[in-house]
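Asker: If you want the building blocks of each chain, they are given just below.
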Amino acid sequence: AQKVTQAQTEISVVEKEDVTLDCVYETRDTTYYLFWYKQPPSGELVFLIRRNSFDEQNEISGRYSWNFQKSTSSFNFTITASQVVDSAVYFCALSEGPLSQGNLIFGKGTKLSVKP
Amino acid sequence: EADIYQTPRYLVIGTGKKITLECSQTMGHDKMYWYQQDPGMELHLIHYSYGVNSTEKGDLSSESTVSRIRTEHFPLTLESARPSHTSQYLCASSPPGETQYFGPGTRLLVL
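Chain order of the listed sequences is A and B. Be aware that the first sequence starts at 1, since it is given in this note's numbering, and climbs by one per residue. Be aware that the second sequence starts at 1, since it is given in this note's numbering, and climbs by one per residue.
Do not rely on the hints blindly, as some may be mistaken.
Calculated pairs, DSSO-like style, for lysine-lysine (alpha carbon to alpha carbon, straight line, at most 30 Å) [unchecked claim]:
1) A:K16 x A:K108
2) B:K18 x A:K70
3) A:K38 x A:K70
4) A:K108 x B:K57
5) A:K111 x B:K57
6) B:K18 x B:K57
7) A:K3 x B:K57
8) A:K38 x A:K115
9) A:K38 x A:K3
Since the hints were derived computationally from the structure, they do not count as laboratory data.
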């Protein structure tokens, strides 16, 4: 069975702090995809990143970075020098098999509050 | 990035009413989805479609129904709304083998 666990329900930091959001997944498939989405208070989901199971290379995009480790089944997300605009709920998601067939399984989300 | 539109954004309605939540996308994506999300909780897939005339039930059982008569349009209907249907409903679409992009959502309150 596939499963996504985001153990941190809520995190509160002060602006300019670094923060890491944890994501642990379970799957028996060798081909799968991992995602991070951001949900600001307005409610829409904003796509941040997609990673496939064959690409363990870490990625950096501005203040965002992602650490994918198959050995620990984790796909953690770090925000460097956090800003108030980063306040949102962040969801990690998993899709098994070819992307054209698999549906997304979401974690419960981590609510990040960045205070000025 | 896809342009996905959902209307209404907010809806307050009485028990027993029939409602249709609209979802449209302008990118010609074949696959479309409906998710239900209770406040502060994860998203659950309730319906999806591979293309015109295709509809499938998702992981979470839902009393709603969907239709896909046109590629760009994927409405969700509740024949008789109940307070238990109060939730946020998010629509998404994707090209084949690509990432899902989400609409702004509809927040439904059934009194």
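Asker: Confirm or reject each hint.
Answerer: To see whether the hints hold, each was checked on the structure:
1. A distance of roughly 26 Å separates the Cα atoms of K16 (chain A) and K108 (chain A); the hinted pair therefore holds under the 30 Å criterion.
2. For the given pair, K18 (chain B) sits about 47 Å from K70 (chain A) by alpha-carbon distance, which is inconsistent with the 30 Å threshold.
3. Taken as a hint, the K38 (chain A) and K70 (chain A) pair is honoured in the structure, with Cα atoms around 23 Å apart against an allowance of 30 Å.
4. Restraint check for K108 (chain A) and K57 (chain B): satisfied, since their Cα atoms lie roughly 21 Å apart, inside the 30 Å limit.
5. For a cut-off of 30 Å, the pair hint linking K111 (chain A) to K57 (chain B) stands: about 29 Å separates their Cα positions.
6. Distance check on the hinted pair: K18 (chain B) and K57 (chain B) sit about 20 Å apart at the alpha-carbon level, within 30 Å; holds.
7. Distance check on the hinted pair: K3 (chain A) and K57 (chain B) sit about 19 Å apart at the alpha-carbon level, within 30 Å; holds.
8. Distance hint between K38 (chain A) and K115 (chain A) is fulfilled; the C-alpha atoms sit about 18 Å from each other, no more than 30 Å.
9. Distance check on the hinted pair: K38 (chain A) and K3 (chain A) sit about 19 Å apart at the alpha-carbon level, within 30 Å; holds.
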